[in-house]
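A.B. asks: Sequence:
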Amino acid sequence: MRAFEDLSSEACEGGEGEQASEELHAWVEASVAPLLNFCRQEAQRFSDAGETAVCLINAYASVQEPLRRFRVCRSYLRVLAELLDQQMVKLIEVESGKILAYLGLADRLEAVRRAVEREKRRLGVAGPDALPQVGDGKAPLQVGTEQSGDAGPDDEVLLHKEGLVKFFGEFYVALYGLSALNLDYVDRLMHWHLRSHARKAVLNAVLQAYSEIYNHVSHLRVATHTPGDVALLLDV
1 MRAFEDLSSE
11 ACEGGEGEQA
21 SEELHAWVEA
31 SVAPLLNFCR
41 QEAQRFSDAG
51 ETAVCLINAY
61 ASVQEPLRRF
71 RVCRSYLRVL
81 AELLDQQMVK
91 LIEVESGKIL
101 AYLGLADRLE
111 AVRRAVEREK
121 RRLGVAGPDA
131 LPQVGDGKAP
141 LQVGTEQSGD
151 AGPDDEVLLH
161 KEGLVKFFGE
171 FYVALYGLSA
181 LNLDYVDRLM
191 HWHLRSHARK
201 AVLNAVLQAY
211 SEIYNHVSHL
221 RVATHTPGDV
231 ALLLDV
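The opening position of the sequence shown corresponds to residue 1 in UniProt numbering, with each subsequent residue numbered one higher.
Watch out, some of these pointers could steer you wrong.
[Stated by the list, open to error] Simulated DEER-style distance windows between Cβ atoms:
#1 ALA101 with GLU22: 51 to 61 Å
#2 HIS225 with ALA33: 48 to 58 Å
#3 ASP187 with PRO34: 22 to 32 Å
#4 GLU110 with LEU220: 45 to 55 Å
#5 VAL165 with ALA33: 49 to 59 Å
#6 GLU110 with GLY177: 42 to 52 Å
#7 GLY97 with ASN37: 21 to 31 Å
No lab work stands behind these hints: they were computed from the structure.
Every residue, glycine too, gets a C-beta built ideally from N, C-alpha and C.
All chains, full assembly: derive it from the sequences and hints.
C.D. replies: Laid out in C-alpha cells, this is it:
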C-alpha cells in the first residue's frame with residue numbers, strides 16, 4: 001500500500017492529471033485486482049460461510065477507502081460496493097440464524113408458522129367466517145398441554161402452553177445476559193459503520209421473530225414482555 005500512497009499523493013498534487021490518472025489506473029489493474037482475487041480464493045477455503053463473509057467484507061472495505069478519492073477508480077468502487085453488499089447480506093443471514101437458534105426463537109418460530117399454515121388450511125375448508133383471519137396476530141392457534149395425547153398430522157398439537165412459558169422465561173434470561181448479544185461474526189468486522197449496520201440488522205431479525213411469535217400467542221398471557229419492551233432491550 002506504500003506504493004499506492006506515493007502514487008495517490010502525486011495524483012493529488014497534480015490535480016489528478018491525465019498522466020497521474022493513467023498511472024493510478026494501471027497500478028489498480030496490476031495490484032488491487034489480483035489482491036482481491038487472492039482474497040476471494042483464500043476466503044473460499046473456509047468451510048464456514050460466516051468466516052468467508054467476514055474475510056471478504058474486511059478485504060473489500062479496506063481496499064475501498066483509499067480508492068474513494070479518485071474519479072478514475074469509480075468503476076472499481078461500484079464493483080467493490082456490490083461485492084461488499086452481497087457478503088453483508090450473507091453475513092447477516094448467517095449471524096441471524098445463529099442468534100435465533102441460540103435464543104430458542106428459531107424452533108419456536110417454526111412451530112408457530114406450522115400452526116398458522118395448518119389453521120389457514122382449516123379455515124379454507126370451514127369457510128372464511130369460521131374464525132378470525134390468520135395473519136392479523138390474533139388468530140387462536142391450537143395450543144395444548146404437555147399431557148396431550150398422540151394425534152394425527154392434522155391434529156398434532158404443535159404448541160404447548162408449558163413449553164411456551166419455559167421458552168419465554170429462558171428467552172428473557174438470555175436477552176438480559178450480555179452473552180446473548182455477542183455477535184461473533186459481526187464483531188470481527190474491521191470498520192465501525194459496517195459493524196453497526198450488521199448488528200442492527202441482526203437485532204432487528206431477533207425482534208421480528210419475537211414479534212411474530214408474540215402476536216400469535218399473546219392471548220395465552222404467557223409472555224411478560226411486549227415487542228416494544230424487547231425493542232428497548234435490544235436498542236433497535
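A.B. asks: Look at each hint and say if it fits the structure.
C.D. replies: Quick rundown of the hints versus the structure:
| no. | hint | result |
| --- | --- | --- |
| 1 | ALA101 with GLU22: 51 to 61 Å | 52 Å, holds |
| 2 | HIS225 with ALA33: 48 to 58 Å | 51 Å, holds |
| 3 | ASP187 with PRO34: 22 to 32 Å | 30 Å, holds |
| 4 | GLU110 with LEU220: 45 to 55 Å | 18 Å, violated |
| 5 | VAL165 with ALA33: 49 to 59 Å | 57 Å, holds |
| 6 | GLU110 with GLY177: 42 to 52 Å | 24 Å, violated |
| 7 | GLY97 with ASN37: 21 to 31 Å | 29 Å, holds |
Of the numbered hints listed earlier, those contradicted by the structure are 4 and 6.
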